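Quick note, the sequences are listed as chains A, B, C and D, same order.
Sequential numbering from 522 applies to the first sequence in our numbering.
Sequential numbering from 522 applies to the second sequence in our numbering.
Sequential numbering from 522 applies to the third sequence in our numbering.
Sequential numbering from 522 applies to the fourth sequence in our numbering.
Simulated from the structure, these hints should not be mistaken for lab results.
These figures come from a predicted structure and were not determined experimentally.
There may be inaccurate statements among the hints.
If chains are identical, the list can't say which one is meant, so a pair holds when it fits in one copy or spans any two.
[Claimed, not checked] Straight line, CA to CA, 30 angstroms or less: simulated DSBU-like cross-link-like pairs of lysine-lysine: (1) Lys720 - Lys676; (2) Lys581 - Lys617; (3) Lys769 - Lys617; (4) Lys676 - Lys581.
4 protein chains.
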Amino acid sequence: MKLLTTVLCILLLALQADAQTREKGPWWPSKWGADDEAGASNRITPAKILDSIKLVTTGKVYEIGQVYERGMPLFGERTYAMFIPSSPTGGPFGEKNQLMYHDEFLCAEIGQVGTQFDGLAHIGTRMEMADGSTQDVFYNGVTVEEMRSPYGVTKLGIENVNSFITRGVLIDIAGYKGVETLANSYEVTLADVRGALKKQGIAEDSIKEGDALFFRYGWSRLWDDAEAYNTNPPGIGMEVGQWVVDSKASMIGSDQWNSEVTPSPGEGMAFPVHQLLIAENGIFNLENMIYDDLVADEVYEFLFIFTPTRFKGATGSPGRPIAIR
Amino acid sequence: MKLLTTVLCILLLALQADAQTREKGPWWPSKWGADDEAGASNRITPAKILDSIKLVTTGKVYEIGQVYERGMPLFGERTYAMFIPSSPTGGPFGEKNQLMYHDEFLCAEIGQVGTQFDGLAHIGTRMEMADGSTQDVFYNGVTVEEMRSPYGVTKLGIENVNSFITRGVLIDIAGYKGVETLANSYEVTLADVRGALKKQGIAEDSIKEGDALFFRYGWSRLWDDAEAYNTNPPGIGMEVGQWVVDSKASMIGSDQWNSEVTPSPGEGMAFPVHQLLIAENGIFNLENMIYDDLVADEVYEFLFIFTPTRFKGATGSPGRPIAIR
Amino acid sequence: MKLLTTVLCILLLALQADAQTREKGPWWPSKWGADDEAGASNRITPAKILDSIKLVTTGKVYEIGQVYERGMPLFGERTYAMFIPSSPTGGPFGEKNQLMYHDEFLCAEIGQVGTQFDGLAHIGTRMEMADGSTQDVFYNGVTVEEMRSPYGVTKLGIENVNSFITRGVLIDIAGYKGVETLANSYEVTLADVRGALKKQGIAEDSIKEGDALFFRYGWSRLWDDAEAYNTNPPGIGMEVGQWVVDSKASMIGSDQWNSEVTPSPGEGMAFPVHQLLIAENGIFNLENMIYDDLVADEVYEFLFIFTPTRFKGATGSPGRPIAIR
Amino acid sequence: MKLLTTVLCILLLALQADAQTREKGPWWPSKWGADDEAGASNRITPAKILDSIKLVTTGKVYEIGQVYERGMPLFGERTYAMFIPSSPTGGPFGEKNQLMYHDEFLCAEIGQVGTQFDGLAHIGTRMEMADGSTQDVFYNGVTVEEMRSPYGVTKLGIENVNSFITRGVLIDIAGYKGVETLANSYEVTLADVRGALKKQGIAEDSIKEGDALFFRYGWSRLWDDAEAYNTNPPGIGMEVGQWVVDSKASMIGSDQWNSEVTPSPGEGMAFPVHQLLIAENGIFNLENMIYDDLVADEVYEFLFIFTPTRFKGATGSPGRPIAIR
């Protein structure tokens with residue numbers, strides 16, 4: 522019986538061999554084509570850049586990312602271990618000028634520690650395909666089988682993503698609610714978002730394609746207490762996630778470790794906003810940000826700059842997001 | 522006799538204990554104060570930023586850094602090893618939404634591999650101090666003893682440096698000389714620099730405090746051949762180095778692995794321009810860049826953006842330098 | 522049509538769901554049971570140990586592994602990077618006793634660099650299973666799906682393997698052939714093995730279950746020249762591999778980087794002796810050894826000691842194999 | 522005045538330049554010569570080995586080291602991070618035989634995590650030298666200046682140490698005291714040691730040069746609770762430390778993380794037994810062992826085997842210590 526089954530299956534599967542080019546799926550091909558690996562960073566066009574730099578009126582720079590250091594909150598079993606090999610590391614070079622030098626050495630999930638930018642190879646979904654097989658599928662329908670490689674993914678690597686030179690909009694939910702920090706597991710509603718925008722004097726319809734949308738929950742206040750920081754944070758859910766998609770944002774950001782409400786209120790759901798934004802819509806997600814300086818100056822619109830470092834085959838990127846007003 | 526010597530020395534050294542606060546030295550205190558750790562990135566003022574963004578007229582972005590990958594040229598015994606832990610790394614999370622994810626893991630001299638930005642803790646000089654002791658001294662007179670720590674330097678770490686949002690000027694020496702690549706160990710002269718600027722239609726006195734000055738030798742053409750790339754490159758020497766200092770640049774960059782002519786023509790000298798710029802003047806140095814796209818479009822002035830990632834206690838930073846025209 | 526195929530396949534596969542407990546396969550269950558993870562290290566019984574220590578008559582220790590260091594030959598893209606974090610790493614501890622200390626830090630494919638012991642999770646075979654699926658199958662029929670985990674395999678990890686305290690037999694093929702080093706890609710024949718044993722005065726039938734069999738090709742002479750060392754080495758092929766299996770050895774070893782003749786003379790075959798020994802018979806393989814001291818003293822039988830370090834979920838182990846006479 | 526001081530000091534120091542060869546110091550030259558780097562492992566002579574293997578009567582092997590794994594207790598900021606790069610890591614190799622393989626990758630303070638063997642480069646003392654300078658001094662008078670190197674110490678590296686094939690004696694203090702685990706910070710006295718030996722039927726004067734002496738505090742019971750394990754443990758102090766030195770042991774071991782009572786009862790003292798044993802007497806120290814199986818069988822004397830892995834320039838070694846009865 523087993524042999525018969527096997528033979529039959531092989532025959533039947535052969536019949537649909539023509540189907541082996543990637544079929545249309547629930548979220549692919551992407552709106553930027555079947556081969557796209559840049560996702561919503563395609564929305565950062567020259568015109569968008571020209572438009573965004575007009576927001577600069579004072580030249581003041583705001584740091585909106587955290588410093589990377591030992592002891593900062595890490596997810597799960599991730600590692601951040603930096604060293605100075607010897608000290609000084611080497612020298613003297615040059616009999617006369619006696620040059621000495623230091624290097625540093627880092628071992629880390631480089632794109633998934635500290636202020637971290639989730640790329641398109643980071644989040645996927647296990648699903649049954651049209652051919653009956655089970656696959657782990659990422660942005661644009663790329664499967665694990667297509668991208669698997671020990672030394673870096675071969676598709677959807679962070680090196681394909683454009684730099685973000687765009688309009689940033691900070692949506693200060695904690696400020697709107699009048700609290701320092703939203704409660705654990707509080708789901709930010711669309712009404713909250715609209716209320717915050719209104720309070721800040723930003724018309725909802727001023728949000729344009731390619732904008733970067735930042736949600737402030739007040740969670741960065743816990744940054745120095747890794748245990749507290751890693752508890753279930755407040756965040757956006759599917760309702761606001763869909764609004765982000767409809768807004769045609771290029772990316773979102775937040776001041777907690779995964780941006781969305783945790784745990785997800787949906788039964789049997791874990792981090793579904795990640796799938797919606799990243800896998801299905803190519804919209805990026807920058808976690809573990811800090812907005813204190815922006816809020817102190819009541820700066821809610823600004824030129825946002827983030828240049829993902831092009832580590833070939835990486836799933837994300839560290840970096841230094843800044844706002845300029 | 523030995524005991525006597527020891528006792529005498531201890532006595533004499535005690536007499537000058539008052540001298541133990543850091544004395545004035547050949548290059549310290551810095552022009553930004555005795556406690557400064559940001560060096561010439563202090564020249565990126567709000568006014569400088571406002572001025573520089575005026576250079577953006579089309580919104581076109583140019584990549585002027587290399588992609589980081591296994592097999593790229595590395596200096597000495599440095600390492601660049603990236604992995605995907607398993608593949609997928611984890612999941613499924615969520616019974617219903619079946620989220621899968623990938624991480625990456627990197628082991629590297631993070632600030633000293635690939636396109637690398639030399640910070641103030643990277644380069645120093647072994648020298649005899651006023652008190653007769655021998656010390657390894659860095660920017661602003663900071664000694665190794667003052668900054669040594671196994672897990673990151675405690676002074677002059679890269680986290681203290683401002684982002685570079687400034688005017689970039691590309692000085693295309695190879696183009697001026699009419700060659701694809703300058704010869705091994707060719708020292709770029711000040712006449713070359715002036716000739717190139719003139720050919721490009723840039724007045725020398727248009728170079729202003731805080732500008733980022735980039736030298737093109739044509740060396741990036743060898744990037745894919747690590748052995749050839751790591752041979753002795755052409756570059757600037759002390760003559761042009763001093764001109765950079767006099768120009769009050771915030772940083773320099775180049776398309777080879779150490780920016781300066783190698784070996785140094787000075788007898789007994791190794792990488793002396795590094796000491797002149799970084800240790801003595803706090804001027805930064807971005808190595809292993811690529812200017813092909815700029816040259817193709819004849820773009821020699823542009824908005825330059827580079828945001829050093831704030832790895833606490835690191836000696837440099839990777840990143841993604843871009844030019845916008 | 523595609524839908525029909527899918528439905529049919531699902532139905533048929535469901536019919537054989539009862540077959541999903543692991544079936545008997547070409548090389549499983551193992552002779553030590555369906556759950557065994559120790560392989561031929563099971564042959565190191567107390568009786569075998571008692572027997573083997575009788576070989577010690579002088580107490581002289583021979584080093585038969587290489588020292589681990591930067592620059593040693595590495596396979597493919599593997600890494601061996603060791604550091605001293607600062608120097609000293611820390612201290613002083615204790616106001617009075619002023620204790621100082623050094624640590625070291627290592628990044629490496631710890632079980633697959635230098636003198637390396639291949640464990641049961643290291644080598645498998647991609648094959649079609651009885652149920653028609655394609656699987657990567659290791660020792661005892663364990664599939665990648667059953668052992669995959671980002672932080673260490675969950676089955677067949679090196680921590681399950683017994684220490685080797687057994688009789689070692691050195692078979693000096695290079696000595697038998699009267700050469701310093703066998704030629705590139707030379708396949709050692711069974712006649713060679715028998716000739717060498719005879720020359721050494723060791724009766725073939727004295728080889729007993731659990732012995733460790735070491736082949737000397739003279740290849741370690743190239744150790745200091747990584748490029749030469751990594752070229753195609755001489756080694757045993759399937760003929761001698763089968764003889765090893767029939768001899769009921771616990772493990773083999775050799776003085777080159779993969780123990781077997783490279784490339785394999787069999788068409789379309791790559792490292793087939795690895796599959797025969799490790800995956801199919803649970804016989805271990807210790808690579809990159811050195812036998813110079815044994816040969817100098819004409820020591821061909823000895824107490825062999827190797828204790829694989831129990832890194833949980835690792836595919837192999839570094840270590841320090843020794844012979845005692 | 523400062524100039525005068527400096528000149529005088531230079532003159533005086535020059536006068537004693539002849540003293541720059543290393544002088545006799547409080548604990549150097551070592552009893553194995555001024556150039557020795559093997560310490561008390563020199564006590565493992567062929568005669569000692571011959572004598573020790575006579576202890577094997579049944580061939581039963583006891584594991585007396587812990588398995589290395591994520592989450593195990595680590596000291597301070599040390600790291601243990603292992604990965605499987607992809608899974609499978611590579612393949613198929615060979616069109617016909619379709620070989621697949623796994624590697625693992627480890628980042629760790631390789632000799633100072635888990636069951637760890639402290640080598641001679643691990644522990645030193647900051648002290649004033651005869652010439653008036655302050656130095657960090659290790660075994661045999663080697664200073665940090667003499668051994669400092671970014672990629673591994675250049676003196677006293679673990680590769681210089683002999684393997685331990687010797688008589689092991691377990692001294693079960695917890696058993697003697699009738700407790701599961703000794704109390705935090707309890708100092709084991711010489712009376713305890715003598716009482717335990719007597720209870721076990723081992724004459725104190727049967728302890729011979731080169732023996733490995735193991736102290737059982739019952740602390741390994743806490744191994745699975747890293748937080749509890751890392752609290753201040755019981756252990757030996759200077760009294761028993763001196764007895765170890767007088768016993769001419771080759772090494773000690775224990776079932777806690779640093780072997781000695783913590784904190785040290787001596788005022789201003791931190792880990793002084795480490796200095797006494799390792800730096801001053803070259804006696805090694807194996808931490809984080811487990812003796813449960815030995816105690817269950819009442820095995821207190823045995824053949825002890827530990828082969829430090831020869832990572833060049835490392836300060837210690839991981840490994841798999843075993844006892845054979």
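Evaluated hints:
1. Lys720 - Lys676: Close neither inside one copy (42 angstroms) nor across copies (42 angstroms); limit 30 angstroms.
2. Lys581 - Lys617: neither (43 angstroms within a copy, 46 angstroms between copies)
3. Lys769 - Lys617: between (60 angstroms within a copy, 26 angstroms between copies)
4. Lys676 - Lys581: between (38 angstroms within a copy, 25 angstroms between copies)
Going down the numbered hints, you'll see the structure goes against 1 and 2, while the others check out.
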